Amino acid sequence: MSESNRLTRLTERKKELENELDEYYEVLKSVIDIIRLENDLKALLAEIDTALQAHFRANTQTQSAKANGHAEVRLIPFAVIDAVDENSPASKAGLVVNDEVLKFGICHAGNHNGLRKVAEFVATMDGREIEVTVKRDGEEKKLHLTPDSRWGGRGSLGCHLTPK
1 MSESNRLTRL TERKKELENE LDEYYEVLKS VIDIIRLEND LKALLAEIDT ALQAHFRANT
61 QTQSAKANGH AEVRLIPFAV IDAVDENSPA SKAGLVVNDE VLKFGICHAG NHNGLRKVAE
121 FVATMDGREI EVTVKRDGEE KKLHLTPDSR WGGRGSLGCH LTPK
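For the sequence shown, counting from 1, position 29 maps to 29 in full-length UniProt numbering; every step adds exactly one.
Hints were generated in silico from the structure; no laboratory data involved.
The structure displayed is predicted, hence computed values, not measured ones.
By construction, the Cβ of each residue, glycine as well, lies at the ideal position given by its N, Cα and C atoms.
Be aware that one or more of the hints could be misleading.
Derived DSS-like pairs (lysine-lysine); straight-line CA-CA distance at most 27 Å [said to hold, decoys possible]: (1) 42 - 15; (2) 141 - 117; (3) 142 - 164; (4) 117 - 164; (5) 117 - 92; (6) 42 - 29; (7) 135 - 164.
Each pair of labels, with its calculated beta carbon distance range [to be verified]: (8) 25 - 113: 50 to 56 Å; (9) 74 - 33: 17 to 23 Å; (10) 111 - 23: 33 to 39 Å; (11) 32 - 162: 51 to 57 Å.
Between the sequences and the hints, there should be enough to build the whole structure, so can you do that?
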């Protein structure tokens, strides 16, 4: 075999190896991309899992069941009345100390957000009636409370709620 033929074969083999190396590099890049995507997916699924757990934790506080074709909602206490001022709107509505609050207008165990939503709701309801559902001595009671910022005491309700 002549030196020229041998050099040509070596040059061709070098090109083949470079092409194989390029193909290997492309495959390796693809594998790395897949690993990154899998890691991104795992992180995203972890975020979704955390959000779902938080959502269902909040929703298990307000459980619903089907009864006679209608959704029956079983309310869970989310606050306790720990003070009621005399002659206050809360007192006039019939709220008493140790009442467990099940629903306060639109606020319930699944959405009260540390009672912030209750405060925001009450601020918009001065002079307007709010239906409040409480549990007292094992029984649910629906009361009607009208916040009044001019009643002569602190706040517009005259009671204090503590998160449960």
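Next on the checklist: Flag every earlier hint the structure violates by its number, smallest first.
Outcome noted: Per hint list: 1, 9, 10 violated.
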